[in-house]
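K.L.:
Read off the chains here:
Protein chains: 2
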Amino acid sequence: MNGYRDLRVALLGCGSVGAQVARLILDHGDELAARIGAHLQLTGIAVRDIDAPRDVELPRELFTTDAEQLVLGADVVVELMGGIEPARSLILRAIEGGADVVTANKALIAAHGPELSEAAEQVGAQLSYEAAVAGAIPIIRPLRESLAGDHVNRVLGIVNGSTNYILDRMDRFGDSAEDAMRVAAELGYLEADPTLDVEGYDAAQKATILARIAFHTEVPVDSVYREGITQVTLAQVEAAKHAGYVIKLLAIAERLTAADGTEGVSARVYPALISRDHPLAAVHGGKNAVFVEAEAAGELMFYGAGAGGIETASAVLGDLVSAARRHVVGGPGIPGSAHADLPILPIGEVTTSYQIMLEVRDEAGVLATIAGILAQHGVSASSVEQSVPEDSQGTAALIIGTHRAREADLAATVDELRDSGAVTAVTSVLRLEGNA
Amino acid sequence: MNGYRDLRVALLGCGSVGAQVARLILDHGDELAARIGAHLQLTGIAVRDIDAPRDVELPRELFTTDAEQLVLGADVVVELMGGIEPARSLILRAIEGGADVVTANKALIAAHGPELSEAAEQVGAQLSYEAAVAGAIPIIRPLRESLAGDHVNRVLGIVNGSTNYILDRMDRFGDSAEDAMRVAAELGYLEADPTLDVEGYDAAQKATILARIAFHTEVPVDSVYREGITQVTLAQVEAAKHAGYVIKLLAIAERLTAADGTEGVSARVYPALISRDHPLAAVHGGKNAVFVEAEAAGELMFYGAGAGGIETASAVLGDLVSAARRHVVGGPGIPGSAHADLPILPIGEVTTSYQIMLEVRDEAGVLATIAGILAQHGVSASSVEQSVPEDSQGTAALIIGTHRAREADLAATVDELRDSGAVTAVTSVLRLEGNA
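These protein sequences, in sequence, are chains L and F.
The numbering used here applies: residue 8 is where the first sequence begins, and numbers increase by one.
The numbering used here applies: residue 8 is where the second sequence begins, and numbers increase by one.
Heads up, the list lumps identical chains together, so a pair's fine if it works in one copy or across two of them.
The calculated lysine to any residue pairs, modelled on SDA-like cross-linking and capped at a C-alpha distance of 20 Å, are:
no., residue 1, residue 2
1, LYS248, GLU392
2, LYS248, SER183
3, LYS248, VAL391
4, LYS248, ILE406
5, LYS248, ASP182
6, LYS248, SER360
7, LYS248, THR237
8, LYS248, GLN238
9, LYS248, ALA184
10, LYS248, THR434
11, LYS248, SER394
12, LYS248, SER389
13, LYS248, PHE180
Hints in this document: simulated from the structure, not taken from any laboratory.
Next up, chain L with everything else stripped away, as it sits in the complex:
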């Protein structure tokens, strides 16, 4: 394909993340090849049951139940089975075979990360697990690489979407803990057994991984102090709100000095108060965020989706592309960086909404004239608000919100409004961004 060599990718597991990873590899093959300088050949997908239902339709011939066979001869193995075994053994086997490994398995990395990293280091293979913490959010790579020359002092993470959803409902809608749990369960935020989430075990696994990377220190998961959210009451949430705080379940990794002067590290998980001015306070619903305090960089925050099949697949693909690039011998770091070569479109082609503020004659028929000008350019109003200021001398103020339209049409509309006899002044024209 396009003269690219093939890189053999073995996928272990085909749950909600695995199915999306397979789909992205298959659907975006050409684009990925251009970015990597090699073609990702999906050699197979190891599953327990070939006939199980999947989120995505995939070629049946890709499936196999023989994971051990599949990892042999792979250039990159992507492990998305979850759990400790057989994932651990398969990854070790893949590394022994010289493959790079990408995994999203937080339980495995929390429990056996150092063992697996060491095995990879010894043969010069790469083990990456961006998706193991905070789903789609790039946090492992920034901590490991972007902050590699800095000194991290503290990491505060909202790394469990289910518990954040529950606490956020209590804070924003005044739900009792029981009601919020019930809604979270109904929406699929909670597992059948919610213990891993609500007792903080999931967050503790992520705290281990974050602390290890931030402080270059082995932090066993059973050294993480842990309290879940089951004791948090609506009364506490409301008292916190009254005092200017919000309660969040935080995974914390912190450099600190003990009473006897020992320099050390603390990793812990508990529900804590955070000032409503703090960037973490604005992390709502099932979102995740990791706030990092470093000596030189100061305060950083990384925000996004902490879970979800397609979102997590994005992080897996990033690791996969990075691993694949290492195999492109003699290739540059970022091959074909301008390979897409899309045309640059002029501002007139942009579509946004507008907010237009006008000073208009306070007369009958003015609104109809203005509505006619909008319609003529294919621009539709989403809201119109009129007010007559006290010092008005026969004029009124009009605020028009528009639906999305092409900039060229919007600009022509504004020009014609300005020239219209109905309008005495265009006082403000602003675009609205950040909406869907």
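Based on these hints, arrange chain F on the given structure of chain L.
P.N.:
Same frame as chain L, now just chain F:
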């Protein structure tokens, strides 16, 4: 030093960023060597005037005015001079000599990035410029690497701290545009000639770089549509506030389809309305943030300090460590990942503030008893709030905020309060995180 080989680092420029980079290389030498697997040897700092005042005291013998000589034989060249020439020629010379190059020079990367990247690609050298956009915030590496398997649709950036500071003052304190400008100038947020900032030229350079990386497409800086903030009035800011919006100067890179069906890219800078619910709306003062919408990952945001000598130095160091690692032949990706090997401290050693809610007897002397218990454990109260509920049966509610103290002392305090005759119930104990 510890058996590590030396890597020769040449530094060009010693302004506020350069001086901090030099300091970090010199002060953190052992720690950086452990992370890299090689020792960074700062071979010299090229400056125009050796006797000029610096932010940091540095060994005089490091300084040279002969930049051309300095880049010869360097393994990594760090360019922090700014401007187009001689920075461009020196970087090309460094690349020809086989050095990797790290730069924070946004004007140069915006104008000549593709030329420099191509030169680096041809000799297998690495050109990195994390610090060129949004200072300390890791955004280039996440866009290039973490999202390498995804499809970016839109990037919205608050990438100019000065203009964000001005607009934020207008929004939060009701300053007029003139007053906000004056304060920004007084605080050093604005250059003597503020045109680059307030007319959006600085943001346009960053929009070019972001669009190029997000869309793998060459986006010349003069193709960026640009409006600054000089036309934004307090009346507009207040009307926006009233309607649930905030005005931010945004650098936007967007994939879009033209009216004739052409798929293309738009890069633009203008002040726009953003819903106050949007994560970008919470970016206050001089902070920067980049909001990314990707097909698989969904919405991500990267937040932090967009400028400042020490903060920007963090991003430069991250690039430098990454470049240096490539020189450690046969070395693993992340050498000595657990090299720091700090002790894990128990929860009792953690220091936080507490918020304690008590139900107490509504009697004389109760407050004194409670204050005595706190004092006995060395815990000092920052606030005490008492209320007598209507249905009280001889009890009152007390909310105590504490200053930072050791967890062990706080826990002992709570235990003793619980056992005290003055306290009928401990209704809530929460830690406060995220404060200094």
